[in-house]
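Visitor: Residue numbers (our numbering), protein chains in the order written: chain A, 6 to 551; chain B, 17 to 323; chain C, 91 to 418.
Source of the hints: derived by calculation from the structure; they are not laboratory data.
Heads up, the beta-carbon is just placed ideally off N, CA and C, and yes, glycines get one too.
Errors might be hidden in some of the hints.
Estimated spans, in silico, between C-beta atoms of each pair [said to hold, decoys possible]:
#1 S228(C) <-> I133(B): 38 to 44 Å
#2 V268(B) <-> I454(A): 44 to 50 Å
#3 K24(B) <-> I237(C): 31 to 37 Å
#4 V268(B) <-> W110(C): 45 to 51 Å
#5 L194(C) <-> I198(A): 21 to 27 Å
#6 T271(C) <-> E176(A): 55 to 61 Å
#7 I166(C) <-> K152(A): 51 to 57 Å
#8 R201(B) <-> G103(C): 33 to 39 Å
Partial selection, computed: residues in chain C whose CB lies under 7 Å from chain B [said to hold, decoys possible]:
#9 A109
#10 F236
#11 F243
#12 L375
#13 I394
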Amino acid sequence: MLKTILICLFIFSAGCGTKKERKEERALTIYQENAASWVRNFNPLSTSGTARWPTSSGIYEPLFIYNSMRGEYIPWLCTDYKWEDNNKTLIMYVRENVLWSDKTPFSSEDIAFTFNLKKIHKGLDTRDSWGYLESVKALNKTTVEFKFSRIYVPGFDAIVGQPIVAKHIWEKIKDPLRFSNPNPVGTGPFTEILRFDNQVWELGKNPNYWQPNKPEVKKLKFPAFPSNEQVTLALISGDLDWAGAFIPAIDRVYTKKNPEHHKYWFPETGHTTFFYTNTMNKVLKDSKIRKAISYAIDRSLVVKVGMYNYTEPAHVTGISGKMAKWHSKDIETKENWVKYNPQLSNQIFDDAGYYKNKNGFREDKNGDLLSFDIIVVSGWSDWIRSAQVISQNLKKVGIKAKVKTYDFGAWMSRMQKGEFDMAIGWAEKGTTPFPLYRGMMSSKYIKPIGKDADANWHRFSTDEVDSLLLEFEKTSDEYVIKDILHKLQNIFINYAPAIPLFAEVSWAECNTTYFTNFPSKNNPYAPLSPNSAPENLMVLVNVEVR
Amino acid sequence: MNKNSILKRWGRGIIKNKKASFGLYFVSSLIGLSIFGPLFTLDPTAFLGAPLSPPSLEHFFGTNGQGQDVLSQTIAGARQTLLVAFTTGFFVVIIGAFIGGAAGYYGGKVDDFLSLIINVFLVMPGLPLMVILASWLPPGPLTLAGVLILTGWAWNARVIRSQMMSLKGRDFVLAAIISGESNSRIIFVEIMPRILSLLASSFIGASVYAIGAQVGLEFLGLGDVSTVSWGTNLYWASNDLALLTGSWWTFVPTGLSIALISFSLTLINFGIDEVTNPRLISEKNWKKELPDNTLNNGVTPVVRKNV
Amino acid sequence: MSNSLQYLIRRLGFYSIAAWAALTLNFFIPRLMPGDPAAIIFARFRGKLTPEAMIALRETFGLTDGPLLLQYFSYIKSMFKGDLGVSIAYFPEPVANIISTGLLWTIFLAGTSLVISFIIGTLLGAIISWKRGGRLDSFLPPSLAFIGAFPYFWLAMLSLYIFGFKLEWFPLRHAYSDDVTVGLNIPFIFSSIYHAILPATTMILVSLGGWMLSMRNTMLTTLGSDYITLARAKGLSSWVVMLKYAARNAILPNFTGFGMALGFVLSGALLTEIIFSYPGQGYLLLQAVRSQDFPLMQGLFMTITLAVLAANWFVDIAILFLDPRTRK
Chain A
6 MLKTILICLF IFSAGCGTKK ERKEERALTI YQENAASWVR NFNPLSTSGT ARWPTSSGIY
66 EPLFIYNSMR GEYIPWLCTD YKWEDNNKTL IMYVRENVLW SDKTPFSSED IAFTFNLKKI
126 HKGLDTRDSW GYLESVKALN KTTVEFKFSR IYVPGFDAIV GQPIVAKHIW EKIKDPLRFS
186 NPNPVGTGPF TEILRFDNQV WELGKNPNYW QPNKPEVKKL KFPAFPSNEQ VTLALISGDL
246 DWAGAFIPAI DRVYTKKNPE HHKYWFPETG HTTFFYTNTM NKVLKDSKIR KAISYAIDRS
306 LVVKVGMYNY TEPAHVTGIS GKMAKWHSKD IETKENWVKY NPQLSNQIFD DAGYYKNKNG
366 FREDKNGDLL SFDIIVVSGW SDWIRSAQVI SQNLKKVGIK AKVKTYDFGA WMSRMQKGEF
426 DMAIGWAEKG TTPFPLYRGM MSSKYIKPIG KDADANWHRF STDEVDSLLL EFEKTSDEYV
486 IKDILHKLQN IFINYAPAIP LFAEVSWAEC NTTYFTNFPS KNNPYAPLSP NSAPENLMVL
546 VNVEVR
Chain B
17 MNKNSILKRW GRGIIKNKKA SFGLYFVSSL IGLSIFGPLF TLDPTAFLGA PLSPPSLEHF
77 FGTNGQGQDV LSQTIAGARQ TLLVAFTTGF FVVIIGAFIG GAAGYYGGKV DDFLSLIINV
137 FLVMPGLPLM VILASWLPPG PLTLAGVLIL TGWAWNARVI RSQMMSLKGR DFVLAAIISG
197 ESNSRIIFVE IMPRILSLLA SSFIGASVYA IGAQVGLEFL GLGDVSTVSW GTNLYWASND
257 LALLTGSWWT FVPTGLSIAL ISFSLTLINF GIDEVTNPRL ISEKNWKKEL PDNTLNNGVT
317 PVVRKNV
Chain C
91 MSNSLQYLIR RLGFYSIAAW AALTLNFFIP RLMPGDPAAI IFARFRGKLT PEAMIALRET
151 FGLTDGPLLL QYFSYIKSMF KGDLGVSIAY FPEPVANIIS TGLLWTIFLA GTSLVISFII
211 GTLLGAIISW KRGGRLDSFL PPSLAFIGAF PYFWLAMLSL YIFGFKLEWF PLRHAYSDDV
271 TVGLNIPFIF SSIYHAILPA TTMILVSLGG WMLSMRNTML TTLGSDYITL ARAKGLSSWV
331 VMLKYAARNA ILPNFTGFGM ALGFVLSGAL LTEIIFSYPG QGYLLLQAVR SQDFPLMQGL
391 FMTITLAVLA ANWFVDIAIL FLDPRTRK
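One chain only, chain A, in its complex shape (with noise of 0.2 Å):
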């Protein structure tokens, strides 16, 4: 009996004595992602979503940093760049003294190896670069210069967003596509794996990393949670230094419990979430239809409900916050069809001839009852509760309305088949409005129904805008940019290809018991959601230890 209580002492103190860590050796704690067991892969080339963060922006860096907070580009592998050749030439020029993490040199041959592997071995270009680019070259150990097949200015972003990796390791890869990269070698802050189970992995500091005195935090711990509520408890009682996660009622779950550490920032990225009709449908192909729909959605409601105010209805243009200096300056005049007047919606309603039957739904010139699915993926519960509130406000003007959810591949295939009739979804993003207006009516991207379609899953054009398009590539010059971007946007007024929502918000949450300088409101060097990549490597950089 003595012995028994013995043993079950000592399980609780082998227990207890390892739950506190000391102050100097806690990892910086981190969740960026649902796991049920961690697999050791680190291949950052590889698309399947196995390249996950920090391989590729925390273990291997891009060429340039696109600040999202303050619009502009910052250096970090190439220090400067030049198009030349009327933007058909574009000329970047590599830092030097940079290592990788096994001391050997970093220089312009890995750059373009890089970009020379993923036009090999065509799986590993999910960025389509090889679509505009003819030829990268290393002109010297320091420079490299990149031809385009046609002018394509916008492709600049997925070039400076490319992850590089070491020609000295990569060159005797045979299947670059199925390596799973055990032991990586890198140019970033964090690359050294000490440790790897399927619960919990660490991540070491690169000893010869290419910024002096930084990383300040020695190594990051990534355990795995496999849900929100597991990431809400870790982050409440302190396990979780930064975290990336949607948590409902967050002030009185979270800060409450610790006021002075338990910080969160959910800052609008600029962008939208959108609610598409299906340009194809005999209904909704009309544009005043889709505008009279979107009169009838209180967004308001939605965003209180689905998304507990944590976001704010969407801006007509698709784009507002930080994007909002794309606006043109006459924006306020054009008809913003997203505010709430359900009484404008049951008039255009009327009169496009869909009166109301007996039963209060409205019905078309042949007695059809004006009926839909709206679809959603199944699990996104934020975005399921938004349907739900609007499946009620199009009842209230007499539409039919039901939410039906599906898994996300199927979702996604019936998306990209045009297989739907309205749906919530994101939309295509960049530094600029033009990959979001590209996808929403460029020609380019319209498969029929039945097809997969890349972008442009509501299957909406016209003219004008493949032209405005083409010239946007063509161009780099600043006031011609603007002034397509202008043009742009009164067509998607206009003819309103897809219903604005609510602005899209990122999720982030820390805590600063341990660790100082993360970004915040009043100290927006960055976003603080580490899933927004990648940006977050500036994060990973400048965290500093208490």
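Given the coordinates of chain A, work out where chains B and C should sit on it, guided by the hints.
Guide: Frame of chain A; chains B and C shown alone:
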């Protein structure tokens, strides 16, 4: 022995039995509430109040994370959950009775073959199969019922089979066979009434299993989360971090309802068992004769009554 | 003794059939569902594989062109080789590697919970049947039944919240503390036990009632037997009669139940693992399902099924040793 009088005796016995009558009372009131309740409650899907507000005069069970009335949600949720559960229970018993009954009655090669199928389904891990099937099929109550029936019928089949086998060897069946009664008449007229109690308790047991499994699957998000049912209510409660925000009211009423109805159904089963199991019946009778109401050492006591 | 061997071989034969049935089910499920399985699976792989690798992967899953029968045989062949294919979500990690990370933990947690629950439950069942009508008999079955009536995850979440979060008596997640090194050392072993206490206790509590009731029922039947009366007549003490004679025989029918429960528990541990973030098979399965990682899903289903069948077979062997009647 007239079949009607057996049923009448059991019926009276069950109503008099304390456990079963409490169970019956509770279950029927809950069923009644689920059928008629939604007529009197607020719209469970309407976003009425401030999210996560505690119970008040306006909202007896408070509101959930979307500002929906929890009381209305609990009552409305009962409908779908109970409907799926009883449907599942019904089909499980029907399938089990057919397959298990045929195996037990016909014996021989039929039994070998059917038993093999029953055993294979029994040994298949149920929950993973449920999860996989539920994820492949479109979400909804139909999928849930189908998946539950597929993974649950084998247990009952086996129980009914062994009961059928033991009954078949009894005198009255042999007599019926000799007197030339057709197989179907024997099964339905002679044997069925005698296993009615088994069928009833199987139905109840299967329904309890269906409630639990269904709620589990929906909690994982594999049901149709746009519908209102007990399982999806708990799914949303956990998504809205019910416990961590201290909003116990979004979580406890549904859990309690599930527990109470499962427990009540189990009580009915206890009651049926006590009423129909001959050993327990006789035990009740002579237990009353004992000086004090305990039995010790597992020995069947002998009592001398004052003559 | 050859009778027993025959019996075991017959059981092995049955399990082989069951395994084959599971394999076949695994093969057919994607094909019976709406949509083209090849398209769904390989849409996710699109662009990540060389054409040769693509062909090799199709062979592994039997999704080659050609008649269904050929596809089926190619699939069975890969299964026998132990080639479970490559995961989609964790590409390019082979499914077998991913599964191996969780298998032992599920067996550890679910296995020990089941064993403890069985032992305590049957013991309680024996005791209350002995003192029938007593206080224990009228109190335990209804209360344990009431506890068992709650949805398991509901109780698990509540206990995690109260004992882990509010009272801080137990850890909140994982199978072992992040500070210990994995391996055969004392801190790791103790940490694993400490982390398993809360999840195991919830699993034990919920299943206790079932074991107790079924043991009670079989005890009641056994207690009417003649040899019990004889044992009493011989003057043996109550405890000896109850344990050595009655319980030992009454437990045998429950043993088959134990074997089947092994199956349910190995798979039922799914909810436990999710609530307690325990890195086992169950949570892997859910995540595979959510990310539509079909190779991983199918691989997990196969390993769980095979583990269940193996467990059942071991129980058959055990019964053979314990119950002379089966050796007839």
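Visitor: None of the hints should be skipped; say for each whether it holds.
Guide: Verification of the supplied hints:
no. : hint                            : verdict
1   : S228(C) <-> I133(B): 38 to 44 Å : holds, 41 Å
2   : V268(B) <-> I454(A): 44 to 50 Å : holds, 48 Å
3   : K24(B) <-> I237(C): 31 to 37 Å  : holds, 36 Å
4   : V268(B) <-> W110(C): 45 to 51 Å : holds, 46 Å
5   : L194(C) <-> I198(A): 21 to 27 Å : holds, 23 Å
6   : T271(C) <-> E176(A): 55 to 61 Å : violated, 35 Å
7   : I166(C) <-> K152(A): 51 to 57 Å : holds, 52 Å
8   : R201(B) <-> G103(C): 33 to 39 Å : holds, 38 Å
9   : A109                            : violated, 9 Å
10  : F236                            : holds, 5 Å
11  : F243                            : holds, 6 Å
12  : L375                            : holds, 6 Å
13  : I394                            : holds, 5 Å
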